[in-house]
Amino acid sequence: MTDVLIVDDEPLIRTGLRAIVDAEPGFAVVGEAADGAEVLPLVRSLRPDVVMMDVRMPAVDGIQATRSILAGIPEPPRILVITTFENDDYVYEALRAGASGFLLKRARPEEIIQALRTVAHSDSLLFPAAIRGLAARHAGGREAERMRQARLTEREGEVLELMAKGRSNAEIAGELVVSVETVKTHVGNVLAKLQARDRTQAVIAAYESGFVSPS
Amino acid sequence: MRSVVRPLVSVTTYRRWTFLLGGTALLVPYALIYAGLLQILGDVRHGATRDLLDAALMLAGFVAISSAVAFVPAVRILCRTAAETLLGVRLPEETPEGLRSWRSRRRTAAWWLLHIGVGGGTGFAVVVGLPMILFLLQRPFAGPGPGRRFLGQDLSLPPVWSVLLALAALPAIIYLGAGVGALFARVAPLLLGPSPADRLARLERQTELLLERNRLARELHDSVGHALTVTTLQAGAAVRLLDTDPEFARRALTAIEETGRTALEDLDHVLGLLREDVSAKTPQRTLADLGGLFEQTRSAGVEVDAEIGDLGAIPPVVSREAYRIVQEGLTNALRHAGKVRVTVRLGVRASRLELEMTNPAGETAPARAGGGRGLRGIRERVTILGGRMSAGAGDGRWRVLVAIPVVWSAEDPSSAGDDGIEQGSVKAR
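Sequence order for the protein chains is A and B. Residue numbers for the first sequence follow this note's numbering, beginning at 1 and rising by one. Residue numbers for the second sequence follow this note's numbering, beginning at 1 and rising by one.
Just so you know, not all the hints are guaranteed correct.
What the simulated footprint calls covered on chain B by chain A, stretch by stretch (three residues with Cβ under 8 Å from a Cβ of chain A suffice, anywhere in the stretch; the number is not a length) [stated by the list, open to error]:
| # | segment |
| --- | --- |
| 1 | 230–236 |
| 2 | 245–256 |
If you want the ones that stay clear, here's a sample from chain A, every Cβ over 10 Å from chain B, calculated [to be verified]:
| # | residue |
| --- | --- |
| 3 | S45 |
| 4 | P76 |
| 5 | E143 |
| 6 | T153 |
| 7 | R155 |
| 8 | R197 |
Some chain B residues flagged as far from chain A (calculated, every beta-carbon gap over 10 Å) [what the hints assert, rightly or not]:
| # | residue |
| --- | --- |
| 9 | T85 |
| 10 | R186 |
| 11 | L203 |
| 12 | V302 |
| 13 | G312 |
By construction, these hints were calculated from the structure, which means they are not laboratory data. Every residue gets a Cβ at the ideal spot worked out from N, C-alpha and C, and that includes glycine.
Here chain A stands alone, though its shape is the one from the complex (with noise of 0.2 Å):
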């Protein structure tokens, strides 16, 4: 059963998207909450699997909920990002704070439940073309530098990029020919080099370094 915990302040959204994950078997939502500050404790109390979060509330905002969650829980629920339009700076932000991927609102329920499988069940992102365009947007010198600082070897480069197209790490280790095994310690160097955090600290400097390109 994956547990669903859903952060947005308009109710209508919430409802319709409780509506849509209960009636998927497989699925259930355990908890809403109207704002980022409600979040942490119901993340603590209710050991959610994927906490879908919207970017824009009031009070406290789901960029600022998602690194509080990120950086005080150990174990962290995926972090499923959704939102109203899709060229939002603040979902990028989002992202960057460590969120797994990106949901329009306005996504087709399967979408929905397909995002949150992805999310939930495997160590693949969802970055859908808006977010690359906007990586790309964000590219600086600053992230190009880091990137040639960091020396990949060129397996190391390879599955950087397939993990920027949103592959889990049994995906690349298909395509690559190799042990998951193998694939896990290439993933772990590249984030050491790159000194992300995680794999979408990682992707995100793929794609503002220009090491990838949006396509």
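Assemble the complex: chain A is given as a structure, and chain B must be docked to it using the hints.
Same frame as chain A, but now just chain B:
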């Protein structure tokens, strides 16, 4: 080669010639007036010798008499129309105030003098030249008698030369008109176009309108986008639960109906505003109206402590935008912090208008990085006016700082920033 021939065959040349001949036509009545005046003057003085002072006085008299009519605003419209249609220049539109300003009238007078003086003079080339050319052309074929004489003089030119001269004179006259016409087309925007002050005023109005429209467009995008998202999501959920949970489906449909209706009302409202000519209907408020704004805010439950310095020499545009900034700041305070005490400090220091607004951050302080709609509006205005702003929370208080140059100057950018205010950006993280 083509560019050499073009003036001869171009319609523009002949249109411009019409313009120059217009000057000649205008010159005729003036010439009659001058002739009359000279006659009278001569009679009074009994043909006294003319000295330099006399000549200067007469020139001044010419200028005064000739340009007098150009001080009537309607003549400027006439001149502009003539220049646009006959010279083929496009003149930027002029405001009614600009049309009536004395600066414009003086420029019209200058144009008028040029038109009848230079233009009219050039036109005489046609008046005199065309009969001359006809005379030269017919000369070889005319027998002895009046046909061989020009203005009573017998020309000693060989017949072949007179034909050649005629053939050369025709294009020369056309080129003359093309050249002088082009010169007039160059000068027209300077003398008949809107003055710099007029252009500034127009730009200012356009900026205001644009700001307002941007704000409305953004609000529309936000509210309609939000409503559509809610209805899409609710409809998606309703379809899924139609059979298993009809009660939910019923509630979802009601929510969709209400959300759609509210969004449409929003749309109606904003479109209504967009259709109105905002600048024409609402009087622009300035810093002089702050007292009223504070009263209004107090009646909404927000205490305002105002400390207003000397605001003497602030340009109107800064004054208007600063009023809007204070207004948005107060609205923000009410929206995010509730009914709290707001401190507003306003004054001019080092040729900058400085504004500081602080209020207790409260429990629902704006935590959004980059700020909400209100802050964005403030930033937009500040950026357009070349100023700087910062906003953020500290020591439990929310603080907005704005500095706008009161005189436009190319300030050394390196001197900026030591006051803790960033260029056009918001620090709120």
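Quick rundown of the hints versus the structure:
With a cut-off of 8 Å between beta carbons, the segment 230–236 of chain B has 5 residues touching chain A; three or more are needed, and the interface restraint holds. Counting residues of the segment 245–256 of chain B whose CB lies closer than 8 Å to any CB of chain A gives 5, so the stated coverage by that chain holds, three being the minimum. With 10 Å as the threshold on Cβ separation, the claim that A/S45 sits away from chain B holds: the shortest Cβ distance comes to roughly 22 Å. Against chain B, the non-interface label of A/P76 holds: every CB pair exceeds 10 Å, the least being about 21 Å.
Every CB of chain B is more than 10 Å from the CB of A/E143 (nearest about 19 Å), matching its label as outside the interface. Residue-level check passed: A/T153 sits 36 Å from the nearest beta carbon of chain B, beyond 10 Å. Every CB of chain B lies more than 10 Å from the CB of A/R155, the least distance being 37 Å, so the non-interface label holds. Interface exclusion of A/R197 from chain B stands, the closest Cβ pair being 18 Å apart, more than 10 Å.
Distance to chain A confirms B/T85 as a non-interface residue, since its nearest Cβ pair spans about 48 Å, more than 10 Å. Under the 10 Å C-beta cut-off, the non-interface status given to B/R186 relative to chain A holds; the minimum distance is some 45 Å. For B/L203, the condition that its CB be more than 10 Å from all CB atoms of chain A holds, with the nearest at approximately 30 Å. With a minimum CB-CB distance of about 18 Å to chain A, B/V302 clears the 10 Å threshold, and the non-interface call stands.
Taking the minimum C-beta to C-beta distance to chain A, about 41 Å, the non-interface status of B/G312 holds against the 10 Å cut.
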